[in-house]
Amino acid sequence: MGTISIEHGNNLYWLGRYTERVFTTLKALQETYDKMLDGGVGYQAYLGYFDLPDIYGDSKGFFRSFLFDKDNFSSVAYSLERAYDNGIVLREDISSDAFSFLQIAKDTLKGAKGSENTRFALLPLEDVLYGFWGCIADNIYDEETKNIIYCGKSTERLDLYLRMKYPYEEVHKEFERLCIRLGRVPKNTPYRYNTRFLSDLVEIIGEENEYDLRAGAAVASLERLFESA
Amino acid sequence: MNENVLRGSADFTEAIGNAKEINELLRRYGVKFGIYKNGVFKEQFFPFDPIPRVIDAKQFAAIEKGLIQRVDALNRFLYDIYHEKKIVKDGKIPEDFIYISSGYLAQCEGITPKNRIYSHISGIDLVQGKDGEWYILEDNLRIPSGASYPLIARELTRIASPEAFRSNNIVDNRNYPDLLRETMDYVNCGGVRAILTPGRYNAAYFEHSYLAENTDSLLVRSDELFVENNMLWHKTYSGQKTRIGVLYRRISDEYLDPLTFLPESLIGIPNLMEAYRSGNVGIINAPGNGVADDKGIYYFVPKMIEYYLGEDPILRNAPTYLPFYKADMSYVLDNLDRLVIKDVAEAGGYGVVFGSDLDSEKLAGLKDMIMSQPRRFIAQDVIDFVDLPTLDEGQTVMRKADLRAFVLSGKTTRVWASGLTRFSRNPDSFVVNSSQGGGFKDTWVRSQ
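Protein chains in written order, with the numbering used here: chain A, 472 to 700; chain B, -3 to 444.
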């Protein structure tokens, strides 16, 4: 419709963030689990990236909580509920088809909880999320609407990459993608970037040299990227 | 031919076999309604029964004619009541029934909505008696909901049972969004279309968002709107504004404008009524319609048809008694145990009491209440309306069902060739409302 209220703008941005958080959390947990198969680092390393205390007792408790516990703010289940909450008030913007993928994602996650092979049962969740993003790309004609969701998505992915100190190439690639999206946000809207914090990010992520030492500062700037100047 | 016998029955059975899958898909699309139980909001699935109600072309043509007549008369009545009140002056309706009605809004006196349409979307509840006759049970002229359910169900049933549609000449009902859009555009005062919702926690939120999606309308809440220069605007996130030309509000009259109705209300759009009165925005349905769908006024609708249109009513009311009239009062008191009593102030299946369910003590209590507040109640004969075949855990059982028909008034008055058939899931119940645990069916109208 090309007329976005403050509330809808907020919902669009957080829909992008939370849906992406479901995906990136899922991927990161799978990677952590995979490393642990060979006796590598434990789940504590994952907690360390996010400065979270170990209250889980063992890896089984950790994975169950981070996948399925809706009260754990860092879990896949929590993020999916929040994605759904944002999606349900955006039906007319994102389409019923896109919204239905969030319900399918919830059902898939619920089904995996009772499965004997959780990791295997979670594989379709990735497909569902790709389906969701396909609908977003295809069904939303208003570029401004779509771009807000994508800004949320990119911000979320970059946040995780920085926190987990992903290889520089990947961080840089994601940052470039975010910059393209930021460039499309009209002036005087809530998702117009704050020049100061964007400059900080350019300075930190623009140079490969010791970027990881300043990743924490980059996360802080990213958090304030949409603050009004 | 029995109305529920269809050609292509093999594939019709196939649709029944897919009941679980269709319901699963409806759930995925968020076809739910919200209810509050003990103060806690719960989203509840609205169970769909894939065995449709089928109405043949001839029968539908008669219903259609009767509904158009009824809604046209009701629109004339609303104009009259908020202007000259001829029908009261001519003694056809006692003024008590107008001014005591909680739906009558003095604030709407003298307002003439664009094209003189008050009830743009009317939800008329009917039942079919076992004698084949259709009876009107209720007129819903404020914010009737329910069209979206058969609309989305049809989409899925066509996939589940293509042969049933190929073989049975069923009128496609997927034109509802077009009808609604045309209805909105006919009273658009210049600007975009918008649907006003109370928000996600409203019982009918699915419908609000689904209709917004399918009519290409903005879905808005009152805090996103404001009136400036006597026009209604939508605030955008960039600080700009977009003019709203027609507002399909899904919010009660009293919450529309705190400066006109409830000053203590935190919701609503200040000065909306002034913009409306000035003809700068269309409001669908018009505020003040409650005076015409009051259960007490229902009794007088056949008289309205005669008065305004000079015609005999095509569709009958359920036989109704008004304790307000002495003769009716004695009849009601003498026959209370076989009548259904309705509190005119209640809706959604609440405030409905079957005399046959009450013991002598409760009957006596009800009699006292009727005698002390005669205007508060109406009494009706219990219509033994038809049961429809319904699936219940794989078995076909018979359940009571009504029909909510949707009548859209724009350039012409049209009846949507479909409707929401609600059924009781309780074998002993006549109450079909979703809030009381009922389910729904699609309504198939045959073209020949």
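Calculated directly from the structure, the hints in this document are not laboratory data.
Built from N, CA and C at the ideal position, the CB exists for glycine as well.
A portion of the hints provided could be inaccurate.
[Unchecked claim] If the Cβ cut is set under 10 Å, some of the chain A residues that face chain B in the computed set are: (1) 480; (2) 562; (3) 619; (4) 653; (5) 657; (6) 658; (7) 660; (8) 661; (9) 664; (10) 665; (11) 666; (12) 668; (13) 669; (14) 670.
(message) Of the numbered hints stated earlier in the document, which are not met by this structure?
(response) Those not satisfied are hints 4, 9, 10, 11, 12, 13, 14.
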